[in-house]
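Chemist: For this one, chain L is given, so just place chain X on it according to the hints.
Single-letter residue listing:
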Amino acid sequence: MAAPVKVYGPPISTAVSRVLACLLEKEVDFQLRNVNMSRGEHKKPDFLKIQPFGQVPAFEDESISLFESRAISRYVCEKYANQGNKGLYGTTPLEKASIDQWLEAEGQSFNPPSSSLVFQLAFAPRMKLKQDEQLIRQSKDKLAKVLDIYDSRLGQTQFLAGEDFTLADLSHLPNTQYLMNATDGKELFTSRSNVARWWAEISSRDSWKKVVDMRKPPSS
Amino acid sequence: MVVKVYGPVAAACPQRVLACLMEIGTEYEIIPVDLQTGEHKKPEFLARQPFGQVPVIYDGDFKLFESRAIIRYLAAKHGGHIGSNLLGRTIEEKALVDQWLEVEAHNFNDLVYTLVFQLVVLPRMGKRGDLALAHSSEQKLEKVLDIYEERLSKSDYLAGNSFTMADLSHLPGIRYLVEDAGMGHLIRGRKHVSAWWDTISSRPAWKKVMHLLN
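Protein chains in written order, with our numbering: chain L, 1 to 220; chain X, 1 to 214.
Chain L with its partners taken away, still in its complex shape:
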């Protein structure tokens, strides 16, 4: 039995939870090593050794040390291809290409406006920072346009890359989870019927429920 893989970073981080969701889907044992970002631990020399950009997550197993959540997720799918959700990154070249297409769409079109909104609506209040109203408006407009495209796509297929849940859908879980629980962000998703249907399906997966649990502060 291989030693558990290591993931470095706090579970409240969207990128960290992307990797955790993937590991849970693939039934890969892992150890989560917290990184205290409010104390700047991610910018200290010890952490910069494993992630030179000072970002979370970082990942290690017996063969490799890696960063970038979407690269880590692809690696986990390839390395542990025969366990857990075997179709997560596709089983044919065409399936894989379709998943990569929507993973890139997530990274390039969905992520920027949704990340801005997650920070402004979910994190800034906690950190007692003033919200940037103009940025919130612009990000909502951009995200609305992206979600219109998603709504159309999800009217043709059950999930983004086709008829099965894949890494492409998974990659959207972290940001959407925060936005669904923030006051204004929810409406962008619930007002689009196919997007709403898709969100209900992907967020009810056991793997994602476990990740959400990991983000809750321990009850005293």
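Derived from the structure by calculation, the hints contain no laboratory data.
Misleading hints may appear alongside valid ones.
To be verified - In silico DMTMM-like cross-links for lysine to aspartate or glutamate, where the CA-CA straight-line distance does not exceed 25 Å:
| no. | chain 1 | residue 1 | chain 2 | residue 2 |
| --- | --- | --- | --- | --- |
| 1 | L | Lys43 | X | Asp146 |
| 2 | L | Lys6 | X | Glu142 |
| 3 | X | Lys41 | L | Asp148 |
| 4 | L | Lys145 | X | Asp110 |
| 5 | L | Lys210 | L | Glu60 |
| 6 | L | Lys43 | X | Glu149 |
| 7 | L | Lys79 | X | Glu92 |
| 8 | L | Lys43 | X | Glu138 |
| 9 | X | Lys77 | L | Glu95 |
| 10 | X | Lys4 | L | Glu95 |
Just so you know, these numbers come straight off a predicted model, no measurement behind them.
Modeler: Just chain X now, kept in the frame of chain L:
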């Protein structure tokens, strides 16, 4: 099999795909898309690429968009031995290629895009660029390139000691920085980044892409 590439040769993302096609030696046909007249936002194009962006490719009946997804697909499907080297031969090599492809996509690309948009694209449209925004992007890019400099002092290329998709993915953006945006100092001021840029930009495949620009 002729791969159809929709998009202008002058744009960065089609260039990423063309560089890959040249490296693997696959036949292609370019169908230009006129961004100036907004062709990419019209219904006929949106039916091909719903985000209204270039490029989109057709490999027979199979359609694909997002340049970084396209290059992975083409190398795997048509690239043979060369494609396999570009993507990484082992699972671990592939992971490092993916890691640096993601770095390009998330830590490098946005900063380059902002710089080029503010310093080159807006002025070409007769508008004023936001110089403060360009400057802050430049400063952030300096820090990113410091990390590249450190990495490239330890290996010849980003993912290891051979040229891969991770390096290829940077070609269009760095060309824009150096040749159009007046940001050559970001590259030339770093010994290993500079040597790496010279090496990757003098590859025959990239030269063929540049030839298409003329």
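Chemist: Each hint needs a verdict: does it hold in this structure or not?
Modeler: Going down the list of hints, with the structure as the test:
1. L/Lys43 / X/Asp146: Holds, at about 15 Å.
2. L/Lys6 / X/Glu142: 31 Å, violated
3. X/Lys41 / L/Asp148: 15 Å, holds
4. L/Lys145 / X/Asp110: The given pair, whose Cα atoms are some 19 Å apart, holds under the 25 Å limit.
5. L/Lys210 / L/Glu60: Given pair lysine 210 of chain L, glutamate 60 of chain L holds - Cα atoms ~21 Å apart, limit 25 Å.
6. L/Lys43 / X/Glu149: Within the cut-off at roughly 18 Å; holds.
7. L/Lys79 / X/Glu92: Distance ~9 Å between lysine 79 of chain L and glutamate 92 of chain X Cα, so the pair holds.
8. L/Lys43 / X/Glu138: Measuring from Cα to Cα gives roughly 21 Å; hence the hint holds.
9. X/Lys77 / L/Glu95: Given that 25 Å is the threshold and the Cα spacing comes to 12 Å, the pair holds.
10. X/Lys4 / L/Glu95: 20 Å, holds
Checked against the numbered hints listed earlier, the structure breaks hint 2 alone; every other hint is satisfied.
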